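Student: Sequence:
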Amino acid sequence: NAYIEEILRTPDKLPIEFKILDILPGKWTPEVVVSRHQGLLQNVTEELLIGRSVAKLGVKKTKDLHWFHPHDPDIELDESIDKELLFDDILYLYKAFRKPIDFQIDDVSPDYRIDRDVSTYKNPLEVVIEDKFSVGSNNWVTSGELMADGHTYMACDPHRAVTVPSLRYMAHLVAPGW
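Mapping to my numbering: the sequence shown position 32 is 36, numbers consecutive.
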């Protein structure tokens, strides 16, 4: 918050994004911190899918259909859970929170707006199609003959969202020089 207080005294030093949107940064509050932390639910959709599967099919059939390697988790639903509610759109707000921000022309300060009719605007369908395939690039496979352990490896450089903490931190990815 000290940085925010300083930048509010010198708004000319704000990054251009704040100027374009004609906004000022707000201070971090306990609610903001908790909302960011509680939003890091990478597998919540899979957990809900498993819960729905257990509600409809039972534990045994769900375990037959899902691969829980290397463990055998207890996926029995707590008796206090109303199984029918699992089929409501209970992740609506979570999914809305995870969507990319969709700025509209009216969100942009008039000083930074361009003509609404400029032909460089993309067709929204094109953007959706591009985004669907923007999860990574440079997929490659390395022969086991080139690896010290003899195993073949497949990899890509995933295009991950910028998050705090970062995905690499949470996964504890390390490399020489890091």
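Each hint should be verified, as a subset may be incorrect.
Quick list of in silico lysine to aspartate or glutamate cross-link-like pairs, EDC-like style, CA-CA up to 16 Å [claimed, not checked]: (1) K99 to E50; (2) K23 to D92; (3) K99 to E35; (4) K87 to E51; (5) K60 to E35; (6) K67 to E88; (7) K60 to D86; (8) K60 to D92; (9) K23 to E80; (10) K17 to E35; (11) K23 to D86; (12) K60 to D76; (13) K64 to E80; (14) K31 to E50; (15) K65 to E80; (16) K103 to D115; (17) K60 to D82; (18) K64 to D86; (19) K67 to D92; (20) K65 to D86; (21) K60 to D106; (22) K67 to E50; (23) K87 to D76; (24) K31 to E9.
Calculated from the structure, these hints are not laboratory results.
Since the structure is predicted, the reported quantities are computational estimates derived from the model, not experimental observations.
Student: Does each hint fit the structure? Answer for all of them.
Tutor: Against the structure, the hints:
| no. | hint | in the structure |
| --- | --- | --- |
| 1 | K99 to E50 | holds (13 Å) |
| 2 | K23 to D92 | violated (40 Å) |
| 3 | K99 to E35 | violated (19 Å) |
| 4 | K87 to E51 | holds (14 Å) |
| 5 | K60 to E35 | violated (36 Å) |
| 6 | K67 to E88 | violated (20 Å) |
| 7 | K60 to D86 | holds (12 Å) |
| 8 | K60 to D92 | holds (14 Å) |
| 9 | K23 to E80 | violated (52 Å) |
| 10 | K17 to E35 | violated (27 Å) |
| 11 | K23 to D86 | violated (48 Å) |
| 12 | K60 to D76 | violated (20 Å) |
| 13 | K64 to E80 | holds (10 Å) |
| 14 | K31 to E50 | violated (34 Å) |
| 15 | K65 to E80 | holds (12 Å) |
| 16 | K103 to D115 | violated (27 Å) |
| 17 | K60 to D82 | holds (14 Å) |
| 18 | K64 to D86 | violated (20 Å) |
| 19 | K67 to D92 | violated (23 Å) |
| 20 | K65 to D86 | violated (20 Å) |
| 21 | K60 to D106 | violated (36 Å) |
| 22 | K67 to E50 | holds (14 Å) |
| 23 | K87 to D76 | violated (22 Å) |
| 24 | K31 to E9 | holds (8 Å) |
The structure is inconsistent with the numbered hints 2, 3, 5, 6, 9, 10, 11, 12, 14, 16, 18, 19, 20, 21, 23, although it conforms to all the rest.
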